[in-house]
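K.L.:
Numbers given in the working numbering equal positions in the sequence shown, counted from 1, plus 8.
Hints were generated in silico from the structure; no laboratory data involved.
Possibly wrong hints are sitting among the right ones.
To be verified - Straight-line C-alpha distance at most 30 Å; calculated DSSO-like pairs for lysine-lysine:
id	residue 1	residue 2
1	Lys72	Lys173
2	Lys234	Lys173
3	Lys237	Lys152
4	Lys237	Lys173
To be verified - Each pair of labels, with its calculated beta carbon distance range:
id	residue 1	residue 2	range
5	Arg175	Ala228	36 to 46 Å
6	Arg161	Val133	34 to 44 Å
7	Arg175	Arg137	23 to 33 Å
All residues carry an ideal CB built from backbone N, CA and C; glycine is no exception.
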Amino acid sequence: MVKHFTDASLGAPMAAGLDKLRAVLPTDRQDHVERLARQTVVYGSAFGAVPDSGQQPWLLALQKSVVNRHVLELRYAGYEREETTREVEPLGLVYSGGAWYLIAWCRLLQDFRQFRIDRIRDLSVSSERFEHRPDFSLREHLEKESEGEETIRARIWIADPMQGKARMESYATLIEENERDGGREFSQYTFSLEWLAWWLFTFGPAAEALDPQELGDRIAGIAQEKLAKYQK
């Protein structure tokens, strides 16, 4: 998930929003805006415009909690849809691949963790404030997490009309292999099968996961999750 965050800076939509905040906030609260800017990384070019907070029901509360250092209680659904409750210290927000992620210190696991925001089922903002972590840098954390991550080899098929889109959006080089069925097979090394699954899912029938099997299983899980949402 994090490899392509390291090349990112604050995206134009987010930067414009922060400029508006600076214009209306009193001088003694300007540091809040700067703190949010330091603790936000946006990589928006791969999937177009960054969604506004209306598309992410928890985003505004998370932004405020990052700035004000309020402890959060999350009810979170994992990849297999299992739900757990976590008490976390929110440290930063990252946007990539069409999704927002919360970077936080998980008190349960006593470690830094990332939470995909659209998997948050419930969120409670505590009145408790956590201590500032002067040794934590969001960018340095993402760079450290990304070291050596591009190790999983995957093979995919992309239909001919969508290959331009694929080459433009892919964070890694697509290595051409066979031509077949009006498309082309590619191999690439990925840092995250989950990210690659979500990316391929956006292509619909114009893309196919060939290897490893886990990649196809993850795409199937995403499709089932979306189907269940619309069948309610």
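K.L.:
Could you run down the list of hints and mark each one as holding or not?
P.N.:
Status of the hints after comparison with the structure:
1. This hinted pair does not check out: Lys72 and Lys173 have alpha carbons roughly 35 Å apart, beyond 30 Å.
2. Restraint check for Lys234 and Lys173: satisfied, since their Cα atoms lie roughly 23 Å apart, inside the 30 Å limit.
3. Restraint check for Lys237 and Lys152: the C-alpha separation of about 36 Å exceeds 30 Å, so the hint is violated.
4. For the proposed pair Lys237 and Lys173, the alpha carbon gap of about 28 Å is at most 30 Å, so the pair holds.
5. At about 25 Å, the beta-carbon gap between Arg175 and Ala228 misses the expected band of 36 to 46 Å.
6. A hinted range of 34 to 44 Å for the beta carbons of Arg161 and Val133 is consistent with their spacing of about 42 Å.
7. For Arg175 and Arg137, the Cβ-Cβ distance of about 46 Å falls outside the hinted range of 23 to 33 Å, so the restraint is violated.
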